[in-house]
Structures are given as C-alpha cells and as structure tokens.
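One letter stands for each residue in the lines below.
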Amino acid sequence: GQQLNQSPQSMFIQEGEDVSMNCTSSSIFNTWLWYKQDPGEGPVLLIALYKAGELTSNGRLTAQFGITRKDSFLNISASIPSDVGIYFCAGRKGQGAQKLVFGQGTRLTINP
Amino acid sequence: DVKVTQSSRYLVKRTGEKVFLECVQDMDHENMFWYRQDPGLGLRLIYFSYDVKMKEKGDIPEGYSVSREKKERFSLILESASTNQTSMYLCASSLNPLLAGGSANTGELFFGEGSRLTVL
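Residue numbers (my numbering), protein chains in the order written: chain E, 1 to 112; chain L, 1001 to 1120.
Hints are computed from structural coordinates only; laboratory data are not their basis. One or more of the hints may lead you astray.
[Unchecked claim] Which chain L residues face chain E? A few, computed with CB under 7 angstroms, are given here:
#: 1; residue: 1020
#: 2; residue: 1027
#: 3; residue: 1042
#: 4; residue: 1064
#: 5; residue: 1079
#: 6; residue: 1090
#: 7; residue: 1112
#: 8; residue: 1113
#: 9; residue: 1114
#: 10; residue: 1118
Source: prediction; values computed, not measured. Beta carbons are placed, not taken as given, at the ideal position from N, Cα and C, and that holds for glycine.
I would like the entire structure built from these sequences, with the hints used as guidance.
In structure tokens, the structure reads:
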C-alpha cells in the first residue's frame, strides 16, 4: 500500500533547537495531519490541515499544507525534553475517504 | 473526552496460539481500524471496519482476521500466531466523513494506547 515519504527518519538535537520535518507524496491529498507518539503510547493528533497553503500553529508547533497538495511540513520551535517521541504525518485523499495514509515517522531525541 | 481502549498493553504468546486483541471506543464512531507499527515502517493498516459486521482488508491483512459485532468494539484475531507478528498493534476510530455531511474537519483518527505483542 502507498505510504508517504517522511524525512528525516530520526533527529538528535540539543534542547532549545528548532526542528523541521516533512512529508512528500506523488499523489494529491485533501487533508494533512500530524500526530505525535510518546514512548509506550498511541499517537495523538497535533495539527490538522484542510486547505492547500494553509499554515496552522499549535503552541510551539507550526505545520503547513503544501501548495501543490503533495507535501506538508512540521516545525517545532525551541524544543524541550517533552517533545521527545515519534512524529507521523498522515494524509487523506478525498473528502469522503475513510482511510489515512501514514508516513514512516520521525523519531526525535533531545539532548538536555 | 474521547477514549479508545485496548484490552491488553502487553502480551506474550507462543507460536501457533490463537490471539485476540480487543478494542473499544466510546465516541460512537462508525469507523474502526487496526494498524501494526514496526520500526522504520510506520503504521500499516491491517483491517478496517466502517460499520457493524462490515470489514475491509487494509494493506497487510494476511494472517489476521477481524470481528465487529457491535459498533463500539473491534477485535483483531491472529488465528495462529507467528514470530513475524511480533509488533505493536494500534487500534483507532474515526467519524465517517460522509455521514458528517462531508465536512472537511472529520476523519481524524483517535488511537488507543497500543498492544505490544511478542510471539515466541
């Protein structure tokens, strides 16, 4: 089945640094979602994007729906230890599509 | 607050055993999903269900079956567990965007905490 291409696969950063990750696809998506998974837990929705070009923030997190509708970006500013985890992008192809397509995940590790 | 509950956080089974993973949601969602999560492979869809007694294969259904007898409950069944089924299993539920009038802001998945299965 199709998956989104998410990069980087892992990041090792210092506390306080900014973080950027992205997802790309050869197909067009109508919805982009970003999830975070804490160690030992299920993924939790961070940000949802519904329109091409949309830029949405949630605290220190900012995500953008690419203008081509084939990509999305997530930025985290001034990282803190609780940002550690795996971040997944997910896309939905149509308004009525029932399923999401997921990226492989970006594992974020923060050195204090 | 929305809630998806998976019955077991950790299971250890032997090769050939039958394994049931249970999932219950309290949000009256039409859709329910089972994913498995493996390092470097992200989340891969095993099966999903869009209504009671309805099911559809996902990307990796081989070796699995599912049951949806009630709207709130979706079970994943491994008829004869094998070592390559050692994984983290995630259940999720969502509204049906079509039944919500096609509103764009539906369809987000709500996940359970996961069930880590080890098959020896």
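So, going through the hints one by one against the coordinates:
{"no.": "1", "hint": "1020", "result": "violated (19 angstroms)"}
{"no.": "2", "hint": "1027", "result": "violated (13 angstroms)"}
{"no.": "3", "hint": "1042", "result": "holds (4 angstroms)"}
{"no.": "4", "hint": "1064", "result": "violated (14 angstroms)"}
{"no.": "5", "hint": "1079", "result": "violated (22 angstroms)"}
{"no.": "6", "hint": "1090", "result": "holds (6 angstroms)"}
{"no.": "7", "hint": "1112", "result": "holds (5 angstroms)"}
{"no.": "8", "hint": "1113", "result": "holds (5 angstroms)"}
{"no.": "9", "hint": "1114", "result": "holds (5 angstroms)"}
{"no.": "10", "hint": "1118", "result": "violated (15 angstroms)"}
Going through the hint list in order, the structure does not satisfy hints 1, 2, 4, 5 and 10.
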